[in-house]
Amino acid sequence: MNYRKTSTLLIIFVIFVAISNHAGVEAIRVLSDDFASANHLDMYSAVYEKAKCAVGLWLERLPSGPSPPGAGN
Numbered sequence: 185m186n187y188r189k190t191s192t193l194l195i196i197f198v199i200f201v202a203i204s205n206h207a208g209v210e211a212i213r214v215l216s217d218d219f220a221s222a223n224h225l226d227m228y229s230a231v232y233e234k235a236k237c238a239v240g241l242w243l244e245r246l247p248s249g250p251s252p253p254g255a256g257n
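According to the numbering used here, the residues represented by the sequence shown are 185 to 257, in order.
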């Protein structure tokens, strides 16, 4: 009986601590108001074009055609 009472009190205490320590997380970095608009796309268009060109060049370097036969295929 004593073990059951102790374990019940321990469970109640753990639940109480979990509920009392539940706190909201604040944002580390707040986004600006105009981030959701289309303005940020115009600002980074040069970076986007460079990245698109780089990925295109990487894809051109990939071998084309069927895979060589082997154990993995």
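Bear in mind the hints are in silico, worked out from the structure with no lab data behind them.
Mixed in with the good hints there might be a few duds.
Okay, derived cross-link-like pairs now, SDA-like style, lysine to any residue, Cα gap no bigger than 25 Å in a straight line [to be verified]:
| hint | residue 1 | residue 2 |
| --- | --- | --- |
| 1 | Lys234 | Arg245 |
| 2 | Lys234 | Glu244 |
| 3 | Lys236 | Pro247 |
| 4 | Lys236 | Pro252 |
| 5 | Lys234 | Ser251 |
| 6 | Lys234 | Ala255 |
| 7 | Lys234 | Leu246 |
| 8 | Lys234 | Pro253 |
| 9 | Lys189 | Ser204 |
| 10 | Lys234 | Pro252 |
| 11 | Lys236 | Leu246 |
| 12 | Lys234 | Gly254 |
Quick list of simulated restraints, FRET-style, between CB atoms [unchecked claim]:
| hint | residue 1 | residue 2 | range |
| --- | --- | --- | --- |
| 13 | Gly254 | Glu233 | 35 to 43 Å |
| 14 | Ala238 | Ser204 | 34 to 42 Å |
| 15 | His206 | Ala235 | 52 to 60 Å |
| 16 | Glu244 | Ala202 | 49 to 57 Å |
Backbone N, C-alpha and C define an ideal beta-carbon position, used for all residues, glycine too.
Evaluation of the provided hints:
| no. | hint | result |
| --- | --- | --- |
| 1 | Lys234 to Arg245 | holds, 17 Å |
| 2 | Lys234 to Glu244 | holds, 15 Å |
| 3 | Lys236 to Pro247 | holds, 19 Å |
| 4 | Lys236 to Pro252 | violated, 29 Å |
| 5 | Lys234 to Ser251 | violated, 30 Å |
| 6 | Lys234 to Ala255 | violated, 38 Å |
| 7 | Lys234 to Leu246 | holds, 19 Å |
| 8 | Lys234 to Pro253 | violated, 36 Å |
| 9 | Lys189 to Ser204 | holds, 22 Å |
| 10 | Lys234 to Pro252 | violated, 33 Å |
| 11 | Lys236 to Leu246 | holds, 16 Å |
| 12 | Lys234 to Gly254 | violated, 37 Å |
| 13 | Gly254 to Glu233: 35 to 43 Å | holds, 39 Å |
| 14 | Ala238 to Ser204: 34 to 42 Å | violated, 52 Å |
| 15 | His206 to Ala235: 52 to 60 Å | violated, 41 Å |
| 16 | Glu244 to Ala202: 49 to 57 Å | holds, 55 Å |
Going through the hint list in order, the structure does not satisfy hints 4, 5, 6, 8, 10, 12, 14, 15.
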